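Enquirer: Chain by chain, the residues run as shown.
2 protein chains.
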Amino acid sequence: MDDKKETSLKKPVRKIVPRRYDNRKQSNKSPISINKAKDKINIDNNPVKIMFLGGLGEFGRNMFVAQYKDECLIFDMGLRFPEENMPGVDFIIPSIEYFANNKNLKILGVFISHAHLDHIGAVPYLMSKLNYPPIYTGLLTKEIILKRQSEFPNMKKLDIRVIDAEKNNHIEFKNFLISVFHVNHTVPDSVGFLIQTKQGNVMFTGDYKIDFNPVMDKPADLTRIVKLASMGVDLLISDSTGIEKEGHSISEQEIFQNLEVIFMRSKGRIILATFASLISRLQQAIMLAEKFNRKVIINGYSMKTNLAIANKLKYIKVSSKTIIDAKEINKYKPEELLILTTGAQGEDNAGLMRIINKENVNIRIQSGDTVVFSSSVIPGNEMAVQCLKDSLTKQGANIYHYKMLDIHASGHAQKEDMKLMLNLVRPKHVMPFHGFYYMQKLFNDLAQDVLGLRKEDCILASNGQVVELVKNKILLTSKFIPANYVMVDGLGVGDVGEIVLRDRQALSKDGMFIINIIIDRKSKDVKVLEIISRGFVFMKDSNMLIKETKEKVNKIILKTIKKTVNDNVNESYIRNILRDEIGLFLFQKTERRPMIIPIVLEI
Amino acid sequence: MDDKKETSLKKPVRKIVPRRYDNRKQSNKSPISINKAKDKINIDNNPVKIMFLGGLGEFGRNMFVAQYKDECLIFDMGLRFPEENMPGVDFIIPSIEYFANNKNLKILGVFISHAHLDHIGAVPYLMSKLNYPPIYTGLLTKEIILKRQSEFPNMKKLDIRVIDAEKNNHIEFKNFLISVFHVNHTVPDSVGFLIQTKQGNVMFTGDYKIDFNPVMDKPADLTRIVKLASMGVDLLISDSTGIEKEGHSISEQEIFQNLEVIFMRSKGRIILATFASLISRLQQAIMLAEKFNRKVIINGYSMKTNLAIANKLKYIKVSSKTIIDAKEINKYKPEELLILTTGAQGEDNAGLMRIINKENVNIRIQSGDTVVFSSSVIPGNEMAVQCLKDSLTKQGANIYHYKMLDIHASGHAQKEDMKLMLNLVRPKHVMPFHGFYYMQKLFNDLAQDVLGLRKEDCILASNGQVVELVKNKILLTSKFIPANYVMVDGLGVGDVGEIVLRDRQALSKDGMFIINIIIDRKSKDVKVLEIISRGFVFMKDSNMLIKETKEKVNKIILKTIKKTVNDNVNESYIRNILRDEIGLFLFQKTERRPMIIPIVLEI
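If you're matching them up, the sequences are chains A and B in order.
Numbering follows numbering that gives the first Met the number 0, in which position 198 of the first sequence is assigned residue number 197; successive positions increment by one, without gaps.
Numbering follows numbering that gives the first Met the number 0, in which position 22 of the second sequence is assigned residue number 21; successive positions increment by one, without gaps.
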């Protein structure tokens, strides 16, 4: 890379004039403070309550409430993907039962830190139920939220007010004053918030890292963070994702240089797979394509829409000649092409998998292709990614992934970045979010180590747990508001619960076994009409077992009927007996426990 | 650690007199050769066929066949754990359809490289079907195989002949000569084999690493490997597991020193979780317990039996006073206890999970416990291990895991060890096993790089594919023998196939929907007797949907019956119509696709 280019890359080139959040005052001066009268005696004992509806001890479903009297602010509104033991579930969103149960509560605004699904994904599901309070967020985030909203039918228009972290934006309410600051992440317009209240100040980092050489972005605004923190931060709510990683997070600039090496080496097509939401990474790939005279094909719906929005708003820089349609692929030589695609996690229906499975009309893997996985592997996806790599190898591609070369950087602060943030903010209390419980604990250990905080100053809360702030003091209460999983499955929101899931798990393990019998009330004749097995044994290969089971059913029912005093055959009793005894019988024969479903018809 | 101790650790202290494989000659002299007459013209065109029944492009289910004319040798007989999309399956074993289809084949012997389940796990399932050929393996492996066999009822006694790698053991057949050599792994008595044939020599590394400072073991026998290789190795079948890891594998001695640091630091109980089969690691932990005056509790059935066998055979060294019963736990102070437990992968029923879930009668996690995960996380288990860590943190334990400190070493050679092995053996062809396809490819790249082999000398085979060795030349043919998955589920071996699995997957995703109707043939009256939904929607909350569905069913059937010309209502036609139309109806209502099961009764 020549020096000129390098310099130009280091300079953030974005110059956008964001639409302003119109009816609020803005200033470039020192941050304003809601509780200048801090030294006066505060006789107000109404706590500010901080309550997470999701995002503690888990990844995704980020959402918390800050409440003072009957006024609430909401921060983020994300979704998470289901766990392994939740088959069929599309995703999980936070529960808003708290608001349903407390109709007096007023939601003054919803503050969104950045445009990732784990922070915006529940917007289409929850806003209508919360009577569409105004949303405050960055310009890019706004457009991405609106795009997603447009895919859901029958939704009211969202009232989204653009805030700009560079302009020292404040949003003022009677009892809250919100200030915004810029942080680095893997999508532009990522921000954190300072929440000033009558009882003290809470700083929320959002998802952040500190990158002194970001691509098409400015470094996190450390000066502003310090200025805001100078008003005293009673509680720092901090991203704890990267706590297990030593050192500083890798700069996007370093990623850029490593990707450049791959571009220099590759003689065939380059296929770069990453997350659709990693807009900074997509920008880097496009820059490199332009430098190395490659045309770019975008493969994947969400990637296309995200890039279109970012391009329209000038958050990325791309020549109009760079992007070509996939249909034009054959007009170019392999060395003239870069394919950007979704599906780096081995997701079934995403871009890369469809190429490998030959479902993509225009793009096939060919010998000499270089496939670059510019993403980490999300826990749980390891096997899927491994299969992807195997298929790619079989089809003749060379592979680069993040374990071989630093071609992916997480969007989250690592240990040294966290130390820096803690030192800049010097909070009196900390409360980690965005991490498993174990990571939150490690973050608290770090805060104690770095700032000399006491253990009780480091809050290890669970979802729903009420954290109170009164007179600059933090109390982790033992009160809880509802914060259960709300599962989305198809069109159903919240209708899949424990029982349905337990049935699915049972069915998936050993299948089911339907016994359809008819009983003649008068003659006490029993006939097994039908046995249907699904997912238990293959019926055609199990004639013997089916025959034996039928005989067993006959015996059980005859024995049961004999015992009945009058004609009154108790159907539900027969069902129970069949479930128990045939269950046991089949277990002895197979050591499997299918779900037994007796269908009893009396005539 | 004082010098004396360190020295004593470095010296292998095992002195066992293994039972010898009795009716074969042994020597400490140079390896003998079956094809000394190599220079003579070989007019025999019968190939030696190498065929993997499992272990290529996957982990587990290791088994391959070496065949010359109608004589076969089998190497290893392992199982693997199911993939995510195989709910209910316990494990997968190799198919032996090839032997069932070719009754003329004689199996001269089964050679087992070491005592891990992915190399011995299929023995109880396959030996009876193969008419119990003799097994050749190390003493410890023999006893572990026998212990496992004893847990399966109605099995004939296995004929296991002990081979000792240290004694230059050869096993001679008319057309094969097998030599054994010692390698390092995570269980003692791990060996590789040289297979000499009329057509050339094949070396099989087994699972190996090269450890110059093993614990209670000797370093891999490099001298012997070189001596054996000096007869010319036409094909090296090599472990490729560690190909993605740079450098040399970590010595068990280094693990020992890091574990020692934890023992020095920990003031409470130490709970060390690892694999039951990692006998070397268990030995280390016991040594440290003895050094630091801690009693040892073993928690987990398989760990107990493995240790008992290793102890009986003097493969480990443990004072009779060290191991105590879990019932005695309260007689000792926390700092006097080490608990060795299974369950480091977060397995539901293993030792550690039962402690956390308070199902263990004697052992509970208490504040101040130090939990050490001395194992890596097997891909696919990440989330389970994360939950484990979260629960442990909540219950007050401190955690050490392999990402924080080198307290686990893989049993597999890394890149530099592989380079060493390739240089010692200098094979004419290589063929990687024990790895995904992608890893096998990387191994072949390495072999080309290190030895200057041509691409066509590096075999990238699939399970079942026939590799032929004729006159010291290797040919990857396009012939295949059956090598499909045989799934074990409960007592069933091989009865779970594609269809059963597909049903389980479908049931797990969207559940099922049973429609029970009765049709009066004469009056053409239709009655929906019952709708049963499991895993689809929660019935109690879905009255409306059930009601609408019943109406829809009625309509569909009436319309269908009307069309029938005579009384002959076609039952199977009605079933199909119901499946299609109600399936569509429910999808429109819910965007879910439950399995529709119509039960139609005509009277």
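Read the hints as simulated data drawn from the structure, not as lab findings.
Heads up, a few of these hints could be off.
In this list, chains with the same sequence are indistinguishable; a pair is considered to hold if it fits within one copy or across any two.
What the hints assert, rightly or not - List of simulated lysine-lysine pairs, BS3-like, C-alpha gap at most 25 Å:
id, residue 1, residue 2
1, 427, 472
2, 551, 330
3, 393, 478
4, 418, 388
These numbers were taken from a predicted model, which means no experiment stands behind them.
Enquirer: Is it within a copy, between copies, both, or neither that the alpha carbon of residue 418 lies no farther than 25 Å from that of residue 388?
Expert: Answer is between; shortest inter-copy Cα gap is 24 Å, intra-copy 37 Å.
Enquirer: With 25 Å as the alpha-carbon cut-off, assign the pair residue 393 and residue 478 to within, between, both or neither.
Expert: between (56 Å within a copy, 18 Å between copies)
Enquirer: Checking an output row: residue 427 and residue 472, CA cutoff 25 Å. Within, between, both or neither?
Expert: within (9 Å within a copy, 74 Å between copies)
Enquirer: Using 25 Å as the alpha-carbon threshold, which applies to residue 551 and residue 330: within, between, both, or neither?
Expert: Result: close neither inside a copy nor across copies, 70 Å intra and 53 Å inter.
Hint compliance for this structure: hint 2 is the single one not met.
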